[in-house]
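**Q** For chain A, the structure is supplied; the task is to place chain B on it using the hints.
Protein chains: 2
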Amino acid sequence: MASAPPTKRQKSSKDVPYELLYWPGIPGRGEHIRLALEEGGATYTDTAVIQGGINSVLAQIDPKSLGDEHNPPTCAPPILKHGDLVINQTPNILLYLGPKLSLVPSIEEDEDGIYHVNQLALTALDGLSNEPHDCHHPIASGLYYEDQKVEAKRKSEDYTKNRLPKFLGFFERVLKGEASKGGEWLYGGRLTYADLVLWQCVDGLKWMFPNAMAKLEKSGEYDGIWAHYERVKGRERIKAYLGSERRQKYGMGIYRHYPELDEEA
Amino acid sequence: MASAPPTKRQKSSKDVPYELLYWPGIPGRGEHIRLALEEGGATYTDTAVIQGGINSVLAQIDPKSLGDEHNPPTCAPPILKHGDLVINQTPNILLYLGPKLSLVPSIEEDEDGIYHVNQLALTALDGLSNEPHDCHHPIASGLYYEDQKVEAKRKSEDYTKNRLPKFLGFFERVLKGEASKGGEWLYGGRLTYADLVLWQCVDGLKWMFPNAMAKLEKSGEYDGIWAHYERVKGRERIKAYLGSERRQKYGMGIYRHYPELDEEA
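The listed protein sequences correspond, in order, to chains A and B. Each number in the numbering used here corresponds to the 1-based position in the first sequence with 8 added. Each number in the numbering used here corresponds to the 1-based position in the second sequence with 8 added.
In isolation and in its complexed conformation, chain A is listed as follows (with noise of 0.2 Å):
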């Protein structure tokens, strides 16, 4: 895409930076594009942290908003604007972002692995974040937890012992796999942004999830997955992130800690 052709939208629009609108309070889907641009050293900012920040999310998704002439409206955050560019949905602004930040591989050097990264990233969102958001609300998500306890019970108990063991075994399986390139990273022999999805949804599922992932840690069968947590963990700039106060505190989001909810210790 670096080199496109002059489109009619300027590209002097995109030398500004990044603009990331979530809700403030928790990491969320928002911390998704948060380590994208972590690693990838960009300069931005994000509603989570500026005084009044939420009413640019609320403003953004006014159920009467019709966008404007260059953007539909958009349903939820996390949402990027870039310049006059307005895009949300998590893995699309993963994918938005990734060649910028170098978070994929290039063009050049593997004409279809961004469909790979995208894929990945995919997968890791429907089975270890969005499906751990509908274990503490299988019924409906304008129903506080306290109004659905019994499912959320009855679905936590399927998601630890069928589920997340499916999900983490899958993607084990993708590090040993020949297109890993090695097993450090999940395709092509470096880090990618797939790699930086996994990571957080398996930091969440610990916080959420403590007993069942220590068990599954005990197993011996998803070592490849553990090592893999550390060695995003270790990178420069995500521990600078991490140890920084940008990062914030899991809480009523995506991944809740309901004791409850988790097997026995």
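Be careful, since some hints might not be right.
Residues on chain B that point at chain A, a partial pick, calculated with CB under 8 Å [claimed, not checked]:
1. HIS78
2. LEU93
3. ILE95
4. PRO107
5. TYR123
6. GLN127
7. LYS163
8. PHE178
9. LYS184
10. GLY185
11. GLY261
12. TYR266
Just so you know, the hints here were simulated from the structure itself, not pulled from any lab data. From a predicted model like this one, the values you see are computed outputs, not experimental measurements. Beta carbons are placed, not taken as given, at the ideal position from N, Cα and C, and that holds for glycine.
**A** Chain B in isolation, oriented as in the chain A frame:
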């Protein structure tokens, strides 16, 4: 991508038909891929209509598979093979096919158009395909519907009352917004694969929740959606496809018609 330089993978390996790998017997998530291939006039094979085709699907998602030198393993169908490329995840396959089948604006016309199309497809799949699936399987995809009927009824009530109107209202606004360039199609004044995704979702929902959808139609609040539905259905190639034997009937897939989950007539 058409002007990408030569890569390590031979271009000539792509001068072959697309191969869709999906479960036989239901439209399912594979239908989004079929509609794109049909509207794009592509030559393709489909395991759903090949004797023993299911074995290709099972081999590809074998829980011991490590993928191959080029391709990571795939977690679930739909899967697309194109030459030696193997990818999965519905929105990812559509992203790959979009430029090849002229189902997205070209980079020359609209540098970032593909991100808008991708975000609209992802939003439709989230709210109008994944959530309806969870209406009949809110607790565990591995359990029978009969084992989660009470929870399914509760979730479906919330879905038809709150979530379905929210997402239809969102797409109504997308059509009304300036970026649709006229309100006939979701983005940029021309059909993209996001229109096909929305169409398939609305079609499935009409079958799954006929009463709830009829009420929403009578409300007059979503007239753009119904006109869009007829517009897609009337496309020459789509019309021919829907009248052919290649279009499978709904059954025990994403969209299921359990009258007890629908609203009263």
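**Q** Determine for every hint whether it applies to the structure shown.
**A** Status of each hint after checking the structure:
Evaluation of the B/HIS78 hint against chain A yields a held restraint, the C-beta minimum of about 6 Å falling below 8 Å. The restraint placing B/LEU93 at the interface with chain A holds, with a minimum CB-CB distance near 5 Å, inside the 8 Å limit. Of the supplied interface hints, the one on B/ILE95 holds, with its beta-carbon coming within about 5 Å of a beta-carbon of chain A, less than 8 Å. Here the hint on B/PRO107 is broken, as its CB sits about 12 Å from the closest CB of chain A, past 8 Å.
Evaluation of the B/TYR123 hint against chain A yields a held restraint, the C-beta minimum of about 5 Å falling below 8 Å. Checking B/GLN127 against chain A: minimum C-beta separation of about 4 Å stays under 8 Å; hint holds. Proximity of B/LYS163 to chain A holds as hinted, the smallest CB-CB distance being about 5 Å (cut-off 8 Å). Annotation: B/PHE178 was flagged as interfacial toward chain A, and the flag holds, the nearest CB pair being 5 Å apart, inside 8 Å.
Because the smallest distance between the Cβ of B/LYS184 and any Cβ of chain A comes to about 5 Å, under 8 Å, the interface hint for this residue holds. Evaluation of the B/GLY185 hint against chain A yields a held restraint, the C-beta minimum of about 4 Å falling below 8 Å. Annotation: B/GLY261 was flagged as interfacial toward chain A, and the flag is violated, the nearest CB pair being 17 Å apart, outside 8 Å. With its C-beta approaching chain A no nearer than about 17 Å, B/TYR266 sits outside the 8 Å limit, and its interface hint is violated.
Checked against the numbered hints given earlier, the structure breaks hints 4, 11, 12 and satisfies all the rest.
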